[in-house]
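There are 2 protein chains.
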Amino acid sequence: MLEPEARDARPGELPSPYLLFLGDTVEPGYAKTAFGLRDWARERCVGEATLPGATVTTGLDRLTPAEAHARGARSMVIGVANRGGIIPESWTASLVEALEAGLDIVAGMHSRLADIPALQALANRLGRRLIDIRTPPTIIPTGTGARRSGKRVLTVGTDCALGKKYTALVLARGLQSRGIDAQFRASGQTGIMIAGEGIPIDAVVSDFLAGAAEMLSPAAAPDHVDVIEGQGSLFHPSYAGVSLGLLHGSQPDLFVVCHDPTRAGILGYPGRPLPSIEEVIAATIELGRVTNPRIRCAGISLNTSGLTDDQAQAELDATEARTGLPTADPMRGGPALERLLDACAQ
Amino acid sequence: MLEPEARDARPGELPSPYLLFLGDTVEPGYAKTAFGLRDWARERCVGEATLPGATVTTGLDRLTPAEAHARGARSMVIGVANRGGIIPESWTASLVEALEAGLDIVAGMHSRLADIPALQALANRLGRRLIDIRTPPTIIPTGTGARRSGKRVLTVGTDCALGKKYTALVLARGLQSRGIDAQFRASGQTGIMIAGEGIPIDAVVSDFLAGAAEMLSPAAAPDHVDVIEGQGSLFHPSYAGVSLGLLHGSQPDLFVVCHDPTRAGILGYPGRPLPSIEEVIAATIELGRVTNPRIRCAGISLNTSGLTDDQAQAELDATEARTGLPTADPMRGGPALERLLDACAQ
Chain A
1 MLEPEARDAR
11 PGELPSPYLL
21 FLGDTVEPGY
31 AKTAFGLRDW
41 ARERCVGEAT
51 LPGATVTTGL
61 DRLTPAEAHA
71 RGARSMVIGV
81 ANRGGIIPES
91 WTASLVEALE
101 AGLDIVAGMH
111 SRLADIPALQ
121 ALANRLGRRL
131 IDIRTPPTII
141 PTGTGARRSG
151 KRVLTVGTDC
161 ALGKKYTALV
171 LARGLQSRGI
181 DAQFRASGQT
191 GIMIAGEGIP
201 IDAVVSDFLA
211 GAAEMLSPAA
221 APDHVDVIEG
231 QGSLFHPSYA
241 GVSLGLLHGS
251 QPDLFVVCHD
261 PTRAGILGYP
271 GRPLPSIEEV
281 IAATIELGRV
291 TNPRIRCAGI
301 SLNTSGLTDD
311 QAQAELDATE
321 ARTGLPTADP
331 MRGGPALERL
341 LDACAQ
Chain B
347 MLEPEARDAR
357 PGELPSPYLL
367 FLGDTVEPGY
377 AKTAFGLRDW
387 ARERCVGEAT
397 LPGATVTTGL
407 DRLTPAEAHA
417 RGARSMVIGV
427 ANRGGIIPES
437 WTASLVEALE
447 AGLDIVAGMH
457 SRLADIPALQ
467 ALANRLGRRL
477 IDIRTPPTII
487 PTGTGARRSG
497 KRVLTVGTDC
507 ALGKKYTALV
517 LARGLQSRGI
527 DAQFRASGQT
537 GIMIAGEGIP
547 IDAVVSDFLA
557 GAAEMLSPAA
567 APDHVDVIEG
577 QGSLFHPSYA
587 GVSLGLLHGS
597 QPDLFVVCHD
607 PTRAGILGYP
617 GRPLPSIEEV
627 IAATIELGRV
637 TNPRIRCAGI
647 SLNTSGLTDD
657 QAQAELDATE
667 ARTGLPTADP
677 MRGGPALERL
687 LDACAQ
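In order, the protein sequences belong to chains A and B.
Read in the numbering used here, the first sequence has 314 at position 314, and its numbers run on one by one without any break.
So the number in the numbering used here is just where the residue sits in the second sequence, counting from 1, plus 346.
Same shape as in the complex, but just chain A:
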């Protein structure tokens, strides 16, 4: 059921540089893709485009599609993801404008660009491409649970959108800089755009979840380390199934719990508290044992972007003292990150 375009859309071939489209987003947590590309593929981003009402910004130049095209952009990337992955009608005029300005469109949502007839017709007429990146491989086996060679580290979380991808990217690069044969494994659309490969786990048919995760981090040399981007949370009311299938298929030796100490509750679900770090550790070990009896927690990654330096240090120290586990904000680096890398390199 794959469209040829989608099958051809290997991220390595994505038309860049990009214009990052933010829609009318007011919730920074929903702009993960735009921020991820800005932070990890900055050289491929020429600017951002928004609709009236947007308060979220990447800090890049705000450009019209025509201005972006004049600066060399070859595609507009939809840089926001809302619940359910819908492409709202209010975006259509901007998408049309981008096509008319000479840009292809790249999206990683469940709604497929190619399923919007007017857009597809216009793209066909203008010779532009609509590239839907959230398309899993056509053939995925069910999981086997069989132990495979190589080492695996999985990032897990107390919620969505709080640092699992960034943590995995920093850990993979940090291990590589120590001479370890480490690789970032992308399980979501932004990670796939950054890495150039991966599997959009949440777009896989449920019965094949663990099997897809097994494909994502295949058997490897004994000293190879896959650092796998986690998804969701075992305690998330909508997406926990994805998290559990990814955990079982990844059969990680080590996991790192990602948490945002400033988040009051589950993002987008008012009144729902986050699980504690300790609850996530306990549940991850209990369920992770099914496919890897030796699973253990390597440490904790705190997203302290909402704190001052002093507040962040106090939070990191308190969490490390309370849990007895190396605790770092990967984006702040420093000795704490080195201790977390030590734990992941064991």
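Hint data in this document are derived by calculation from the structure and do not stem from the laboratory.
Hints are not guaranteed to be accurate.
[Stated by the list, open to error] Derived Cβ-Cβ restraints for the label pairs, each shown as a range:
no.: 1; chain 1: A; residue 1: 224; chain 2: B; residue 2: 435; range: 33 to 41 Å
no.: 2; chain 1: A; residue 1: 346; chain 2: B; residue 2: 435; range: 42 to 50 Å
no.: 3; chain 1: B; residue 1: 640; chain 2: A; residue 2: 179; range: 50 to 58 Å
As the structure is a prediction and not an experimental result, all values here were calculated from the model.
Note that the Cβ used here is the ideal one computed from N, Cα and C, for glycine as well.
Since chain A is already given, all that's left is putting chain B on it; use the hints.
Below, chain B without anything else, positioned relative to chain A:
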């Protein structure tokens, strides 16, 4: 992406009576669909068809497709499910024979009959239907986790294929016979064939798992009870994600743990032990609290079909004494089942 045929294939319209196709199956656990239809829709089954090598039987008359057609059969139902839901090539000759004998074909596997070109071409030529029942609704929202009215009972398990569907069917009928407004909610292909409606949860795209479960047991009158067919196990290396999404979306008030005391390990995964009933209870409560803080275990359903009457009674007594929970084999009935129904009716 739904074929019109699949969209039309509401189970209530399935062409019956059925001939039950068992392939060359030697593992009774894989013949759930055939046994389910024999036990719960016996009036719609005229016989069974097998390939050489099959050792599994429903006990119904063994018929060729032509003989079944002569007895009034209108379709051949694929009554076995293997890992991954593949339709093996060794079945093709039998499927062709059925079409040529005048039967439609009904399947509930991930592999779609309609995707086998030779079969589709033959069906078109002969005017027969290929009905793929494992097709979820086209539009499913993501889960919200919002509390909804009505009561829900979910069957969960220590493994696949050990009695979650039968237990839910018996409990729903038992509650109905007490005058309670209870309804069986089918989450798998056999249940859907029996009930005439439902959602094949394991065929839903992962991100929408909990949302599909929310659709399956919608808000209802305060005293209405949905008895929801569980899937897999939280401790299953391949399918646990499905189980967790179904748990969260069902937000059950009560759950019943289904277990087969004679099963040595996870079906089809040699060397992998089953979780204990107690582990399943603890994990179900811990994770189920995310969407229903009042979740609790109503009791235990033991599949004692492999035991003598005395052995079964001893096992039921021992389990009830150990756990302090009502423990019954729903297929044996008796006072134990009444106690389990008491617990579910609270």
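Taking the hints in turn, this is what the structure says about them:
Take residue 224 (chain A) and residue 435 (chain B): their Cβ atoms lie about 36 Å apart, and the range 33 to 41 Å holds. Between residue 346 (chain A) and residue 435 (chain B) the beta carbon distance is about 47 Å. The supplied range of 42 to 50 Å therefore holds. At roughly 53 Å, the beta carbons of residue 640 (chain B) and residue 179 (chain A) sit within the given window of 50 to 58 Å.
Going down the numbered hints, you'll see the structure goes against none, and every one checks out.
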